[in-house]
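Chains as they are written, first to last, in our numbering: chain A, 6 to 271; chain Y, 3 to 54.
Because the hints were derived from the structure by calculation, they are not lab data.
Be a bit skeptical, because a hint or two may be false.
What the hints assert, rightly or not - Here are the computed distance ranges between Cβ atoms for each label pair: (1) Leu25(Y) <-> Trp125(A): 28 to 34 angstroms; (2) Ser47(Y) <-> Lys193(A): 22 to 28 angstroms; (3) Ala150(A) <-> Asp13(Y): 42 to 48 angstroms; (4) Ala28(Y) <-> Trp31(A): 16 to 22 angstroms; (5) Trp31(A) <-> Leu25(Y): 21 to 27 angstroms; (6) Lys46(Y) <-> Leu190(A): 49 to 55 angstroms; (7) Ala31(Y) <-> Val208(A): 22 to 28 angstroms; (8) Val21(Y) <-> Glu242(A): 36 to 42 angstroms; (9) His206(A) <-> Ala28(Y): 26 to 32 angstroms.
Just so it is clear, the structure is predicted and the values come from calculations on it, not from any experiment.
From the three backbone atoms N, C-alpha and C, an ideal C-beta is built for every residue, glycine too.
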Amino acid sequence: MSGAGATHTVGRDRLLDPRVSRAFGWASLVSLVALGLFGLWGAPEDATQKEAQRLMYLHVPSAWLAYLAFGVTALASLLFLWPRTRSMVWDRLAGASAELGVLFTALTLILGSLWGRPVWGIWWAWDARLVTTAVLFFLYLGYLALRRIPTGDPVGAGKRNAIAALIAFVDVPIVHFSVEWWRTLHQKATVFNPQLSAHIHGVMALTLWIGVIAFTILYVYLLDRRYRLAALEDEMEQREVDLAIAARVGTPRDGGTAPDPVEVGR
Amino acid sequence: MTLAVHLADADYGWVYVVVGWSLTGAVLAAYFGRMALRIRRAEKSLPPEPER
C-alpha cells in the first residue's frame with residue numbers, strides 16, 4: 006500500500022498480482038466448462054445410481070473446498086494470533102476464506118440432499134456425517150456474524166475472530182472421521198480407501214479430478230477477489246475515520262500519525 | 003410435489019441433476035457477480051491508487 010496515515014490498518018491490498026488473478030479467473034472458467042462437459046455428457050451413467058450420480062461431480066469438490074477453505078481460515082487465524090506474524094492481512098484472509106467455506110458447505114449440503122432423494126429415498130437423515138456438516142455450516146456462519154460486530158479495536162477483534170475460527174475448526178476432523186467413528190448412512194471414504202480398492206470407470210475418475218481441480222482454481226480466484234473487496238472496504242472505512250478526525254482536529258488527513266493497531270497490540 | 007418426487011425416484015434422476023447443476027451455476031455466478039460489482043463500486047469511490 007502506498008500513502009501514509011490512511012493506510013495503517015489496511016496493509017496489503019491485493020492477494021495476487023492482477024495478471025495472475027486474471028489468469029486464475031480464465032483458468033477457472035475453462036476448467037468449469039470442461040467439468041460441465043465431462044460431468045453432464047462425457048462420463049457414463051452409473052449402473053445403480055443412474056443419472057443422479059452426476060451430482061457427485063459437484064458434491065465431492067464442494068466438500069473438498071469446504072475443508073480447504075476452513076483449513077486456510079484456521080492457518081491464517083494462527084498466524085494472526087502468533088505475535089511475530091500478526092498482520093491484518095491474516096485476519097482479512099481468514100474472513101474471506103471462511104465466507105467461501107460457508108458457501109461451499111451450503112452447496113455440499115444442498116447437492117447431497119438432491120442426490121439423497123433419488124438414491125437413498127430421503128432428503129435428509131440424522132446421520133453423523135450430515136449433522137456434523139450442518140453444524141460446521143452454522144459454526145462458520147456464526148463466525149462470519151461475529152466478524153461483523155463493530156469494534157474500535159481491530160487487534161482485539163482480530164484475536165477474538167481468530168480464536169472463534171480455531172474453535173470452529175475442531176469440527177472439521179469430526180466431519181471427516183464421522184463415517185469411521187459412527188455407523189452412518191453416508192458411505193465411508195471411497196476413492197482413497199485401500200480396503201475398498203474401488204474400481205472407478207476411467208472417465209468417471211477423470212471427471213471427479215477435473216471437478217476437484219476446477220473448484221480449487223475457482224477457490225483461489227474467488228479468495229483473491231473477496232480479499233480485494235475486504236481490503237477496499239477497510240480502506241474506505243479508514244478514510245472516513247481519518248477525514249472525521251481531520252475535520253475535528255483541523256489537520257490535513259495525510260498528516261495523521263495514528264499508530265499501527267497491530268504494533269500497539271503486540 | 004408428491005407425484006414429482008415419485009417420478010424422480012424411479013428413473014428421473016436427471017431432474018435432480020438439472021436442478022443441482024443449475025443451482026450451483028446460479029449460486030456461483032450470483033456470488034461472483036455481486037462481489038465484482040461491490041469491488042467496482044469501492045474502487046470508484048476511492049481515489050486512484052497512485053494518489054492513495
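Hints, one by one, checked against the model:
no., hint, result
1, Leu25(Y) <-> Trp125(A): 28 to 34 angstroms, "19 angstroms, violated"
2, Ser47(Y) <-> Lys193(A): 22 to 28 angstroms, "51 angstroms, violated"
3, Ala150(A) <-> Asp13(Y): 42 to 48 angstroms, "43 angstroms, holds"
4, Ala28(Y) <-> Trp31(A): 16 to 22 angstroms, "21 angstroms, holds"
5, Trp31(A) <-> Leu25(Y): 21 to 27 angstroms, "24 angstroms, holds"
6, Lys46(Y) <-> Leu190(A): 49 to 55 angstroms, "51 angstroms, holds"
7, Ala31(Y) <-> Val208(A): 22 to 28 angstroms, "27 angstroms, holds"
8, Val21(Y) <-> Glu242(A): 36 to 42 angstroms, "40 angstroms, holds"
9, His206(A) <-> Ala28(Y): 26 to 32 angstroms, "29 angstroms, holds"
Hint compliance for this structure: hints 1 and 2 are broken, all remaining hints hold.
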